[in-house]
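Q: Chain residues, written in single-letter form:
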Amino acid sequence: MENFSGIIGYISQDARHKSKFNDICRLILNGLRNTELYDKENINERCKHVTAMKFFKGQENDRIYCKEIHEKNGLFVVVTSELLKRKKTNKNSRREINLIEKVAGYEYEIIGYE
Amino acid sequence: MNTKLSDTNDIKTAFDQVFNGFTEEEIIESDARLIMFRFLSIVEEKCEALGINRKQLAEKVGTSASYITQLYRGDKLVNMLLLAKLQKVLNLEFDIIEKKTYEELITDYHPVSDGKGWWIFHTFQKPEYDTIVLLPELDENQTAQAV
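Residue numbers (this note's numbering), protein chains in the order written: chain D, 1 to 114; chain C, 1 to 147.
Careful: at least some of the hints might be erroneous.
To be verified - For each label pair, taking beta carbons as the anchor points, the in silico distance ranges come out as:
no. : chain 1 : residue 1 : chain 2 : residue 2 : range
1   : C       : 53        : D       : 6         : 29 to 37 Å
2   : C       : 27        : D       : 46        : 36 to 44 Å
3   : C       : 92        : D       : 6         : 36 to 44 Å
4   : D       : 2         : C       : 19        : 16 to 24 Å
5   : D       : 43        : C       : 119       : 26 to 34 Å
6   : D       : 39        : C       : 66        : 14 to 22 Å
7   : C       : 30        : D       : 61        : 20 to 28 Å
8   : D       : 71        : C       : 27        : 40 to 48 Å
9   : D       : 69        : C       : 132       : 55 to 63 Å
Said to hold, decoys possible - Capping the alpha-carbon separation at 27 Å, the derived lysine-lysine pairs in DSSO-like fashion look like this:
no. : chain 1 : residue 1 : chain 2 : residue 2
10  : D       : 54        : D       : 88
11  : D       : 88        : C       : 76
12  : D       : 54        : C       : 55
The set of hints was computed from the structure by calculation and includes no laboratory data. Glycine is no exception: its CB is placed at the ideal position from the N, C-alpha and C atoms.
Whole structure, please, built from the sequences with the hints as guidance.
A: Right, here's the structure in full:
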């Protein structure tokens, strides 16, 4: 919740960001592979459920790090957890690794859905 | 991190506003990208299976790696000629099917009772018994093989 306003503010700042977020969500919901927009960030065993939504690679190069949760009843949830603006290098820097490991440590409980 | 129910409603409302705020034109453009992403998803999986990187793929279809990257990012839309070339170089064939709604999918299912409960069976296509298929003629030294 503490990251909610930052993430929703980022996504909804303009039509371009909304559209990109919508594209990424549709990829996920349709089970499509496109590592240019959404990919695993499984830098180690502990982080195997951490993923990144990639916004405007080659330009702003922003990321929203997410955690994928697979419930026993088959429910699949992607939680947008941390926003990183302007990823600077292709490889993950210490800053990004720390963030990915932080997301890996988050625990979420799914309390209701439609 | 504890999240109250009122907070979750705020989250839902905020995300609903993001998803529901598109014009008809933007929805059509998004649909067009999604159709392209369906093709590109198959291409990406096939390339990975074959060990082909984007640069090699671009060379094979006579375009640039940056153009293919623009397609994957949704910055440009693919054309049919490139899809045909991708099919050829990756030795695959794209198939198009109409996506059925849930209601359409279940119309073939007929619940049947056996006294203990209700069972649902899926109807299957009846074989064409009247179709005559000629078996290949073999000479004396050949043995038939199942294919």
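Q: So, for every hint listed, does it hold in this structure?
A: Hint-by-hint comparison with the structure:
{"no.": "1", "hint": "53(C) / 6(D): 29 to 37 Å", "verdict": "holds (35 Å)"}
{"no.": "2", "hint": "27(C) / 46(D): 36 to 44 Å", "verdict": "holds (39 Å)"}
{"no.": "3", "hint": "92(C) / 6(D): 36 to 44 Å", "verdict": "holds (42 Å)"}
{"no.": "4", "hint": "2(D) / 19(C): 16 to 24 Å", "verdict": "holds (23 Å)"}
{"no.": "5", "hint": "43(D) / 119(C): 26 to 34 Å", "verdict": "violated (49 Å)"}
{"no.": "6", "hint": "39(D) / 66(C): 14 to 22 Å", "verdict": "holds (19 Å)"}
{"no.": "7", "hint": "30(C) / 61(D): 20 to 28 Å", "verdict": "holds (22 Å)"}
{"no.": "8", "hint": "71(D) / 27(C): 40 to 48 Å", "verdict": "violated (30 Å)"}
{"no.": "9", "hint": "69(D) / 132(C): 55 to 63 Å", "verdict": "holds (56 Å)"}
{"no.": "10", "hint": "54(D) / 88(D)", "verdict": "holds (13 Å)"}
{"no.": "11", "hint": "88(D) / 76(C)", "verdict": "holds (24 Å)"}
{"no.": "12", "hint": "54(D) / 55(C)", "verdict": "holds (21 Å)"}
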